[in-house]
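Peer 1: Sequence lines, in order, name chains W and V.
Using this note's numbering, you'd call the opening residue of the first sequence number 6 and step up by one each time.
Using this note's numbering, you'd call the opening residue of the second sequence number 22 and step up by one each time.
Source of the hints: derived by calculation from the structure; they are not laboratory data.
Glycine included, C-beta positions come from ideal geometry on N, C-alpha and C.
Watch out, some of these pointers could steer you wrong.
Claimed, not checked - Across the chosen pairs, the derived CB separations fall in these ranges: (1) V:Val43 - W:Arg154: 23 to 29 Å; (2) V:Trp147 - W:Gly38: 32 to 38 Å; (3) W:Glu88 - V:Leu101: 45 to 51 Å; (4) W:Arg218 - V:Ala166: 17 to 23 Å.
As the list claims (entries may be wrong) - Sample of chain V residues facing chain W (criterion: CB under 8 Å; computed from the structure): (5) Leu50; (6) Leu53; (7) Leu159; (8) Asp179; (9) Phe191.
Said to hold, decoys possible - According to the in silico footprint, chain V covers these stretches of chain W (three or more CB under 8 Å from chain V): (10) 67–73; (11) 155–166.
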Amino acid sequence: MRDLRLAVRAGGGFGLGLAFFLIVVTLVPFAVGPRTELLAAIAPGILWLGALLACLLSLDRILALDWEDGSLDLLATAPLPMEGTVSVKALAHWLTTGLPLVLASPVLGLLLSLPAAGYGPLVLSLLVGTPALSVIGTFGAALTVGLRRGGLLLSLLVLPLYVPTLIFGAEVARRGAGALDYATPLLMLAGITCGTIAVLPFASAAVLRVNLR
Amino acid sequence: MNFNALWAYANPRKFIETADKVLPALSVLAALCMGVGLVWGFFFTPDDYRQGATVKIIYLHVPSALMAINIWLMMLVTSLVWIVRRHHVSALAARAAAPIGMVMTLIALITGAIWGQPMWGTWWAWDPRLTSFLILFLFYLGYIALWEAIENDDTAADLTSILCLVGSVFALLSRYAVNFWNQGLHQGASILRGAALVGDTEERMSNVYAVPLFVSIAGFVLLSLALIILRTQTEIRARRMRALMARERMN
């Protein structure tokens with residue numbers, strides 16, 4: 006809860022991810038040209054990639070601030086187990102970054118002239134997929150929390166872990182845009198999300214305990 | 022054999038002593054196998070009737086690809102041993118193995134590109150196997166970068182071994198996810214197939230090519246083993262030296 010309030014009130018973190026998402030999507034037509042049919046073809050992929058990068062941008066904020074002012078040590082000694090703490094952290098990150106991205110994606114899809122059939126699957130895939138991004142990102146943030154130049158390393162560690170999520174997520178959006186059946190990749194995506202939510206908090210907590218030692 | 026005897030080598034001194042004894046023989050054997058396998062493969066096998074001389078890249082490509090995966094598996098095992106039993110040699114072996122695995126991945130990718138150019142008409146294709154090797158390469162990069170970034174040795178060992186565990190799961194996931202994402206250009210496994218083992222010769226490559234290939238694979242395995250042992254030894258000695266220097270400064 007505290008994280009949520011902080012993130013919203015501090016302003017920066019909350020809007021920044023969204024603004025970044027918007028900018029990435031705006032830059033794409035400049036890079037590939039304004040041809041509508043080309044944009045429509047790559048829109049699902051670009052939207053997923055933009056969401057992923059926007060997520061990545063705010064990862065180091067998950068734990069770094071608490072690490073600096075020492076409240077992470079307090080959280081570690083609190084009665085709530087570390088696994089619970091990191092889960093809540095990931096949830097807060099998703100609510101402040103993932104959810105706004107999901108809600109904003111149809112508007113940005115409009116900018117990229119996404120086919121009409123694609124909006125539902127796009128929102129659905131982001132809704133199902135972004136929690137996995139947050140949970141995996143929390144693991145990465147926990148790994149690099151004690152490091153001074155952790156930002157770049159964080160991207161290097163987290164991006165390969167994002168591969169399966171991105172593959173299935175973008176596949177859902179792409180098949181949706183092409184009005185194809187997207188149930189299989191959507192189920193796979195949901196599987197990945199559930200799996201990461203179930204298992205990764207333990208790894209993040211273990212890593213965090215090592216870093217707090 | 023008493024399996025517990027294996028843990029004696031977790032003692033750094035015992036490890037170094039044994040390594041000193043084993044290493045020369047291992048190195049000579051590795052050089053011999055690689056020399057024989059590669060020379061035999063390159064110069065004394067006939068050209069393939071369709072692929073011509075390019076087929077000989079197999080003597081580098083297949084062994085290095087094999088080692089790239091097996092070294093990651095070895096790192097997974099040593100990471101587990103470190104987490105469970107906290108033997109420093111184990112963590113250092115994982116650290117020592119990572120760059121070797123990365124180079125093997127790179128060799129597999131580069132020889133694959135050189136082979137792919139004349140055969141498929143392209144250096145690179147977004148084929149599941151190629152892509153998953155690229156991802157494996159990224160995992161090696163991240164793993165090594167994390168080792169380098171953390172100053173405290175024990176913390177680094179802990180974090181990297183957890184990364185190795187998580188990374189293994191995700192590497193496996195990616196391997197099958199990319200299968201789903203794009204169909205392949207790369208051929209399936211054709212060196213060892215179930216059908217070949219029971220004697221169906223249609224299904225496997227000819228012995229003319231297979232025998233030098235196995236020699237070459239043995240050479241790569243021995244080379245990797247020798248390098249890993251050598252590098253682990255170096256890591257142990259470097260750490261011991263740092264400890265001695267720290268003690269010196271204390272006095």
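Peer 1: Closer than 8 Å between Cβ atoms is the bar; does V:Asp179 clear it against chain W? Give me holds or violated.
Peer 2: Status holds, d = 4 Å.
Peer 1: When the nearest CB of chain W is found for V:Phe191, is that gap smaller than 8 Å?
Peer 2: holds, 5 Å
Peer 1: Using the Cβ atoms, figure out if W:Arg218 sits within 17 to 23 Å of V:Ala166.
Peer 2: Hint holds: Cβ distance 21 Å, inside 17 to 23 Å.
Peer 1: Just to be careful: measuring from the Cβ of V:Leu53 to every Cβ in chain W, is the smallest value less than 8 Å?
Peer 2: violated, 37 Å
Peer 1: Go through the hint on V:Leu50 and say holds or violated, using the shortest Cβ distance to chain W against 8 Å.
Peer 2: violated, 35 Å
Peer 1: With chain W as the partner, please determine if V:Leu159 meets the hint condition of a C-beta pair closer than 8 Å.
Peer 2: holds, 4 Å
Peer 1: Does the stretch 155–166 of chain W contain three or more residues whose Cβ lies closer than 8 Å to a Cβ of chain V?
Peer 2: holds (count 7)
Peer 1: Can you tell me whether the CB distance of V:Trp147 to W:Gly38 sits inside 32 to 38 Å?
Peer 2: Hint violated: Cβ distance 22 Å, outside 32 to 38 Å.
Peer 1: Regarding V:Val43 and W:Arg154, is the given constraint of 23 to 29 Å on their beta-carbon distance met?
Peer 2: Check failed, 39 Å falls outside 23 to 29 Å.
Peer 1: Looking only at beta-carbon atoms, does the pair W:Glu88, V:Leu101 fall within the given range of 45 to 51 Å?
Peer 2: The hint (45 to 51 Å, Cβ to Cβ) is violated, given that W:Glu88 and V:Leu101 are roughly 20 Å apart.
Peer 1: State whether the coverage of the stretch 67–73 of chain W by chain V holds or is violated, taking the criterion as 3 or more residues with Cβ-Cβ distances under 8 Å.
Peer 2: Contact hint for the stretch 67–73 of chain W vs chain V: violated, 0 residues under 8 Å.
Hints 1, 2, 3, 5, 6 and 10, counting from the list given before, are not met by this structure.
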